[in-house]
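Engineer: Build out the structure end to end from the sequences listed, making use of the hints.
Here are the chains, one letter per residue:
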Amino acid sequence: MSALEPSRRELLAAGAAAATGVASGPALARRRREARRPHVLFITLDQSNDLTWLDEGRVATPNLRRLMARGTRFSTSYCSMPSCSPARSTWWTGRYPSETGVVLIGQPMIDGVPDLGRWMQEQGGYESVYLGKWHLEGRDVFQSFRCVSRGLNIGLQGDVPLTSMARAILQDRSPDRPLFLTVNLLNPHDICIYRKGLARGLTPEDVGLDPSELPPLPPNFKARPPEAALFQQVKRPGKKDYGPTYVRMFQWYYERYLEMVDGAVGAILQALEASPYARETAVILTSDHGDAIGQHGLIFKSSLYEAAARVPLLVSWPGELPEGLVVDEPVDGTRIAPTICELAGVNAPPGVIAPSLMPLLRGEPGRGWAAAQALVEGRMIRTRDYKYVAFRGDPVEQLFHLAEDPWEMKSVAEEGAHASALEEHRRLLREWEATLVDVPVARGSYAEARKGPEDDDEE
Amino acid sequence: MSLPWSLRNLETVLAERPRPTGAPAVDAPWRARWTVHVLSGKPRTQDLLTLGHLEIGFSGAGDEWLYEVSTERQLRDAQLWAQDAVVRCAPPTAQTGHVPALLAWSLESRLSPRKTPEAPALVNGWEQEASGVDGILTCDWALMHAFGRPEIAEASEPFSMLETLEVLRSGLRVQPAGEASLSLGGEPATLRGWRLSGHGVLPTWAWVDPEGRLVAWTEVQRAWVLEAMEAP
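Chains A and B, in that order, are what the protein sequence lines are.
At position 312 of the first sequence (counting the first as 1) the number is 314 in our numbering, and the numbers step up by one without a gap.
At position 27 of the second sequence (counting the first as 1) the number is 133 in our numbering, and the numbers step up by one without a gap.
For the record, the hints were derived by calculation from the structure and aren't laboratory data.
Be aware that a few hints might be false.
[What the hints assert, rightly or not] Computed footprint of chain A on chain B, listed as stretches where at least three residues anywhere in the stretch have a Cβ under 8 Å from a Cβ of chain A:
1. 127-138
2. 174-182
3. 224-238
4. 271-278
Ideal Cβ placement from N, Cα and C applies to all residues, glycine included.
Structural biologist: See the structure below:
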């Protein structure tokens with residue numbers, strides 16, 4: 003697609019974006035003389051699991067792979083909570099959901115916690131511009147950012163307009179003020195709409211598919227390690243027993259939605275590359291959470307299994323940051339805000355203790371673990387080789403030796419050979435929890451915190 | 107015989123909506139308007155949510171076809187995203203994979219408050235020539251036209267498509283999808299179907315009536331339903 007670019011000739015630039023003018027000559031030179039403070043383009047996907055689950059031969063994501071190639075991929079990256087609003091509250095604050103108050107969809111973010119939109123404006127002099135889904139109660143996106151559009155809650159219909167808006171903003175912006183642009187694309191989240199009613203009873207033949215075209219079932223489709231009672235209550239009520247054909251159809255559609263959003267990412271990157279700021283812009287891409295896509299017999303989110311909790315995380319700034327690097331150190335969503343702040347040359351907001359990702363990009367050692375939360379009561383610790391999951395007050399503990407069991411087929415929590423690892427992860431969990439400044443709702447139960455249906459296909 | 111799945115959600119709508127009267131001759135100019143609906147899984151007219159409109163005017167002469175396109179989409183917060191485009195295409199031939207091939211286009215997109223579309227908050231526009239893409243390149247608007255034409259029956263080569271001239275979709279194919287009989291504006295009609303598939307698109311069906319009008323363009327979530335067609 004990039005080859006389409008050279009013949010582009012801009013015709014119009016009007017309205018709010020055009021008022022700022024386009025960089026040229028002296029203005030551009032002045033920018034270059036400044037400290038290397040890049041523009042920051044933060045692209046977020048919705049419900050995209052880690053791309054390495056996908057068969058490259060079956061799913062075409064050339065743009066995401068191009069971004070991987072021109073930047074650094076964090077291969078062991080987790081959302082702070084596999085649920086839209088909680089994970090998003092972490093992006094903007096650098097804190098875990100139990101600290102922002104957004105422990106479930108619908109729970110409001112507490113007052114007094116700085117968010118990245120205003121922080122970048124006030125501390126860094128950035129123009130913070132927002133496009134797309136916000137989905138955070140208790141914090142007005144129009145107060146935190148210059149929100150141009152919140153798009154639409156249907157990715158098919160709303161993501162292309164967002165790419166067009168991003169193009170306008172990237173091409174017509176002021177050279178005198180750094181830009182912090184976030185583009186929140188909705189897909190592959192439309193898989194929720196596919197599931198809602200429309201897919202009921204849908205067969206491959208209905209949509210013109212030969213069953214042989216469907217993806218194979220994931221190897222852990224039938225795996226059922228011991229699970230906490232709350233998790234089973236929320237995620238495994240009897241009605242949600244998905245059959246093999248349903249899961250394979252679900253996967254097939256999920257892959258198409260992912261390809262769709264890949265195209266949108268490509269259009270944004272193309273617009274960036276055509277702008278005068280291509281080499282002055284750091285790009286960060288992630289997703290709020292993944293999707294279980296049939297693994298462990300589950301679909302959608304809210305689970306701390308890999309498919310739903312592990313997310314893509316790509317950081318790219320050509321010429322300034324490593325290209326083609328893969329970092330295996332476990333990281334989580336709290337790391338994004340301090341990273342953006344470090345790129346922007348501003349301190350992270352007070353209370354943010356998560357380290358920036360920049361030392362890892364420089365090849366320095368990390369702290370060795372990442373953490374996540376789920377369903378108010380669930381906690382996860384991920385180290386290089388293991389993942390530990392426990393729910394408050396529930397005797398079931400999960401310990402997966404991911405180095406040998408990447409599909410989480412079997413919990414080794416009860417196995418003597420892994421007893422010391424279990425103890426070590428219990429300790430890490432205690433130590434991590436001791437650092438959290440939890441809001442009261444996070445200390446209560448899932449049932450108390452839940453205001454409405456915590457359904458997986460909520461927006 | 108039951109309707110194909112792709113028409114089941116639209117059966118009532120197509121039966122109730124007045125059938126457009128304009129019927130263009132092959133290569134003659136036409137102008138058509140489609141309404142974009144969200145499908146809810148309930149095939150009743152009142153359950154359809156309208157998300158926007160698409161209007162295409164076609165004129166063709168010799169080696170060049172011209173499409174004048176206007177679209178609008180409703181977004182959150184009472185915003186409207188509109189596009190106006192002029193698209194030049196090469197007529198379908200074996201060399202273009204039997205779909206109209208993009209030559210050049212100009213596009214202006216605007217984001218406006220729905221109540222004051224004349225006062226856009228953001229405008230973006232450019233013109234561009236199609237070059238540098240390997241293989242055959244078309245756009246969705248020209249493809250919609252192609253389904254009513256005889257050449258489409260030969261379409262088998264994979265092609266790429268610029269969705270609304272903004273986002274590239276690749277590895278697309280068109281295949282025949284049979285016929286379906288249903289009520290169209292209260293009268294019985296038999297539609298001819300085509301299925302579009304490939305990377306970055308949901309399987310999409312084009313249903314064309316005997317006069318060559320694209321009556322419905324539909325996938326699992328959305329449908330474009332023909333509202334009007336003028337063929338002077």
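Engineer: For each hint, tell me whether it holds in the structure or not.
Structural biologist: Comparing the hints with the structure gives:
no.: 1; hint: 127-138; result: violated (count 0)
no.: 2; hint: 174-182; result: holds (count 4)
no.: 3; hint: 224-238; result: holds (count 13)
no.: 4; hint: 271-278; result: holds (count 6)
Of the numbered hints listed earlier, the single one contradicted by the structure is hint 1.
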